[in-house]
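Protein chains in written order, with my numbering: chain A, 1 to 492; chain B, 1 to 476.
It is possible that some hints are incorrect.
Not the full set, but computed from the structure, chain B residues with beta-carbon under 10 Å of chain A [to be verified]: (1) P39; (2) I40; (3) Y269.
Just so you know, the hints here were simulated from the structure itself, not pulled from any lab data.
Quick reminder that beta carbons are idealized off the backbone N, C-alpha and C, glycines included.
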Amino acid sequence: MSAWHERRAHEIAGAVRTGAVSAVEVTRAFLERIDAVDGEVNAYTEVWRAEAEARAAAIDAKRDRGEALGALAGVPVALKALLCTTEGTTDCSSRMLKGFRSPYDATVVRRLRDADAVLPGKVNMDEFAMGSSTENSAIKKTRNPWNLDCVPGGSSGGSAASVAADECAFALGSDTGGSIRQPAALCGCVGVKPTYGRVSRYGLVAFASSLDQIGPLTKDVEDAALALNIICGRDPMDATSAAVPVPDFTASLTGEVKGLRIGLPKEYFTSQLGSEMREKVERAIAVLEEQGAETVEVSLPHTDHGVAVYYIISPAEASANLARFDGVRYGFRHPDAETVDDLYVLTKSDGFGTEVQRRIMLGTYVLSSGYYDAYYLKAQKVRALIRQDFDRAFAQCDVLVTPTSPTPAFRFGEKTDDPLEMYLSDIYTISANLAAIPGISVPCGLTSAGLPAGLQIMARHFDEATMLRVAHCYEQHRGFDPGKPPIARGAA
Amino acid sequence: MEYEAVIGMEVHVELDTRSKVFCACSTDFHAEPNTNVCPICLGMPGTLPMLNREVVNKSVAVGLALNCTIARWSKMDRKNYFYPDLPKNYQISQYDLPLCHGGYLDIETEGGTRRIGITRAHMEEDPARNVHGMMGGGSGVDFNRSGVPLLEIVTEPDFRSAQQVYDYLAELKQILLYLGASDCNMEEGSLRAEANISVRPKGSERLGTKTEVKNVASFTQTMRAVEYEIKRQIRVLSEGGTIVQETRGWDAEKGISFSQRKKESAHDYRYFPEPDLAPVVVDEAWERRVRDALPELPAARRKRFREAHGLSAYDARVITATRGMADYFEAVVRVGADPKKAANWMMGDLQALCTETRVEVDACAVCPEDLAAMIGLIENGTISGKIAKEVLAAMFETGKHPKEIVEEKGLVQISDSSELEGIVQQVLDANPNQVEQFRSGKDQVKGYLMGQVMKASRGKANPKLASQILEKALRA
Ligand SMILES: [Zn+2]
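Extracted from the complex, chain B is given alone in its bound form (with noise of 0.2 Å):
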């Protein structure tokens, strides 16, 4: 029998603000354990929350990005339950009226363009961390992370495939990292994603029973983890045997999932309105305010760069990757550089500089405006495409202009037909066996000769002109 997977995720976005949710203690939670909290968000009694603004704002950002509804009223409830990292014992969060709803994200994935329902997202806070095997195998509890700002993100069961899942992850971190929601750093937990996956006979509108996959380290391991799962449910059923609802964890070092916890059909959150906090209320000019605002997103900003820039759509979605980078890219071609060219040196050699030295290319000592002008320099003969590198990596470097750096290198570009002359005569004299071999049919020599000199003129020769001039030499 054929079977089809049928995936929904729920995604925890650890939202970038300044302060906690419900207090004025910071964000920041890798600071000393414990040294940023203060009665509130430790739950200590007499204590009440207070909803910071920049929390509904952000996630109103991020909702109206998802093509979602906002709810011009919504309300915070408490969610019940007992754990040692919970101070208060309950969680403030949303349950029946979430601030935004009905959505869709739109993702580019095998086979096209495929639309994912976005079910809700709901702002919540973080609890504590619990820490174990500390002091002679103790455990604590560092309360840093009570009350940082989460929205959670659920989806429809939109996804047939691991892939579609990988897609829609990269997609929508992207959108958070435009709109500045969340620095979505996965190894320190300010994303996670988790899986809800069940598979059916293909064809079949029912649903089977799914499971969980929750605590990914990273998108290729959730995918990783999803087509796992997939497997492993279509093997169980295929042998006659049934799924059992549940939690599994994902053993990164064996690619295995593995059983955490059987999803007790007691456990009841108890849910009531939060009585401590004002309903939300995000009126029509605080919605308006909020999309005024919103930057141009991933997608429109892919689509623009191919149609007004004539870019390919790997090198639109890589300039795009971040909101700094196309913003630098759009600087560069500003001020007049080719567009397929400057996306090329900033894929290309910038990229690895960065790369090499950690630093987003928005930040790197290159300015968009010096970039162009190197690119000039190549246009109009200056410095040949090589020497360029070289001139860039100086640039990299130093942060000077790189006419100042062709300059003080004595860079400038060959193109004195006598002087290559010269040039392209000393190699001749020197590799007469070459010659001799060129001359007897063998044209693949003239490669070895250019590159000498290449050599001769220490990189600086005019490639085309050298080439010419090499070229008529060999032929007299």
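So that you can see chain A by itself, here it is in the shape it has in the complex (with noise of 0.2 Å):
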């Protein structure tokens, strides 16, 4: 029997409630592991040891007092350090926000805690989740437990590390152009973006509003549909969380996809996505062909547009997302302001990274006036072309199959000189967001460097149930074991 750290989140929710085992136990076992690892992985970055067993000996008690328990009983499930909570700090992985505490907790850390999920702490991430390899945390750097040397991928890289190294059942993220799928991919675990309005974003520190949305990074696709039931629905303070019904994503996963159509974007399959990569996909396509599913071309005419709007389009809302950030009411304050404007200029040059002020420039920027029709406006048409790619594309196929990032987990420095380059590394993961559909990222091998790779697979707006359904017959079917990361093999 393996040991409750390496278990899936649906087997311990079902080992707690039954009493198999104690949340306390399950508890311990996890922050035993996270001391035996995370000096390496360096996945958290504060870990809430005592509230965390505190809660777990209240889910016993709850167990013992013969209250029914949630669907989460006694699982740890890790938080990217910009949801908002009430324990510990919010700090966004940013020096502007260090030791900030937040007054209230994030609608789905809310859901997480009525579902009587124990939560071990918070994740390193890129720097209030701008960028692709967690490399611009302000606190640490996060390393991918598959290689020491490589990057986990970001925005979320510590959600992922975390969950490729066993430091947690499962880890929420947030994407906004590929920052849940893409560290996945890396990390060799399940990551989704749901559709855009399945979650509630209060309480999630915003980068860019029209783009982000909240999601789980899992050890398996039935653990992804088991987050996603708690956390997706309308929520009242979120305007934008859509009020369709959440359906029993677990009950979705039939292993079947007989006669589903799976379209392939032939702009996706291009010079671009290296060929061991490549073959990766195609074997996972043959795959799911073997288990019934047609296949067909599709096209998406504006992909190659797609960097281009995001980034005209993301860094516009981040210039005045991050405003707020300016030393008067929480927060980080330079010390040697004298005027109120020194005390802006100073706090956000200081509290901000390189990355983060590149974006609020070109924010700043792209909506001055004179460039607003130039940039914002016209990026904000092809959105809408791209979106149109995609309707047109689903007339056609039930769900769309691509890779989810170019290449591998690189090394780190690797792109950190190259800004454009580090961009690229979202080419496949970025049109979702533009068109607010759903996307999955599903371990589809490893590389012969022995990193993992990830497939992506797109759905309909608010069909997550038909995405995840193809995910998991392709799981089922895959016809091998991910197996552990070393960082898991050697120090467990």
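Two independent chains are provided; combine them into the complex using the hints.
Following this line, the structure appears as structure tokens:
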């Protein structure tokens, strides 16, 4: 029997509910695991040891009283550092918010607590979710458990690494242009970006409001379905959360894909995709065909503009969203400021890292009078065309299958000098955010260098059920065990 | 050269809703500083706005009252600028698609009726309030006001004089009060008027450079400030100078405007659509619901009071000053009182009593039915108009019915001839000199003697009858 920290969330919840194991025992197993490996992985920015144990004890007491336990009973869930919690700090891995305590809990955090999850702490990320390698964290350098010299991806790098290294049962991340799916692919776990509006953004410190979406990073598709069951649904605190009914996602995992039409967008299978990654994805497609799915080539003609549109819209929104970090009310405040204008300039210059400042300036520029029409407005128009591409494609197919990332995990520093190179890490994931559709990344093998590759499946708006069904079917029939990263094997 | 002023107005109105525009906090910003606040109106990280539908309701009502077109589809935008009273460092407002546009308001002003074009009216949030000179000279921010709903009403440059500006503001305020859209308290900042003023040679079509006068505490001061600014601009131009585009403040004590801030040409608000809020969709049914619930507006009511109740234009204006006053008047008339007399009592003694005790006419102890009853007592001769003043004062104080007061105080008018003859005789006996003077042709002495009769009867003598009896006795 494997150790508790290696188990899936649905197994843990089942065992805690029946009393086969106590929540305290499970929590301790994870805390010990964190002690054992996080010194190398550096996924956590803070661990809430006492709170987690107390919470676990309360869950056990609840069971002992004969009360029914929630769907995530005793399941330790790591939280990306930009999810607001009254417990601990919410620093967004930024100097600007170091030590900042939120006066309220994010809606997803409340939902996790209500489902009897245990919260072991916060995990690292690129500062304010801007980045694709977690190297932009002002707090620490998170490593990829599959190769400690490589990045975990980003911006939800701490979430992905903590799941891959068995330091939590699953984690929540946020995805603005691929920030859940790309690190999930690079760390060999499952990552879901739900449809825009599926999950409340209340309490998610905003990067780009029209693109951000919270989602789970898990060890398998069933856990992803379980997590989505808890976090999805309309929230009166978020005007953009949709009043669309939430099905039982676990019930959609039938293992069947017979007759489903799988679209292969030709723009995603170009020379930019390395031959090794291409081969992994093609093999995955073959697995789905063997299970009775049909494949059809489709076209998303505006794909090439995705990155450009994204790097206009997201910085524009970010420039306003991050304006509130000014040293006046909370967070970092530069001690040398004499005037209010000084306070703004010094606080922002010292509080924000280079990439965040770059994007604020980019966003300020594209919204400036005289440039608005040429950049922001045009980008919105192209965004509408990208959306239209997907509507047309989904008239021909039920899901789209593509690679998640053009490359596996890369080495630290490999792309930090060239922001554009870094931005291209997200070329396959950005469109789903622009089109507001759901996407999932599922592990589809290891490269010759022993690094995970990810398969991306995208579906129609609010059709996470079909997306999960295809992902689950592939997972069941892929014919290999993705195994555990070296850090997991070595330090267990 | 003769100059003409061209003025446009921007008025910010705090809408009178229970909760703020994007959160559930109370709009009472006079509470202890920073008590009516929550993570949303403090702009804490991760918070999101939720649009209060009551703000849309009230804004649509104002838009309809100002004859605006209500946009079926409008949106909120972010207006970006840095200021410590702005917790998000952007204000949620409306930029290119306001909720209301293309309306007008007819005002009664010098030279008759004038139509003022309403360019637009849009919703936005009020910033917080910076508080200076606290705790040993420090500055602080009170966020109670942060997120209080505002409606900004912008006119076309249709004013040519300060008087027109005043009359517009008065009419607008009255409409807002009728709608219950705002308490329009200028001192507390729930109504803030800014005037954009320029002058040009009469007959010219080109607009001159404008200045903006803001932060004025009352309508009268606004009128004075506009007047001053028009004169100042004409003087500058006449002396060959040029007008600088700027914001000017108003020093009410010295009666002068002063330069506050030169218009930075670089000020760029970088507006863009607010991604955290859905578009504001007011369908026909919603608009109709608001329209059907609109009260009769002041102009219509004034007209009706003139035509149906025969009030003068002046009386109609005073009686319709507030919705409560107009409702009160109608209630008095409904139970049969003469409209002209009802208006006179309301505008005269009753208003004086109310002003003295700082209470609204419609909230005072005298109910409309009782006022009508009192007027009835005068008409049927039970009390004199003079006694009625005393009765009304007692009604105002005690809330009792006029009849009860008249009986309690024994104020019934003396209309009995023999009793009056006795009183008259006493007065004549006590004033032989005056009687002599009258008989030698000094008619005006009669007034003095009549006063003595009223005094002797403690005001209760039926004046008409007493006068006849006195006349008769003097001529005897
Ligand atoms: Zn609030």
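Chain A contact restraint on P39 (chain B) - CB to CB distance below 10 Å: Holds, about 5 Å.
With a cut-off of 10 Å, does the beta carbon of Y269 (chain B) approach a beta carbon of chain A closely enough for the hint to hold? holds (8 Å)
Under 10 Å is the threshold here; is the Cβ of I40 (chain B) close enough to any Cβ of chain A for the hint to stand? This interface hint holds because 8 Å falls under the 10 Å limit.
The structure shown violates none of the earlier numbered hints.
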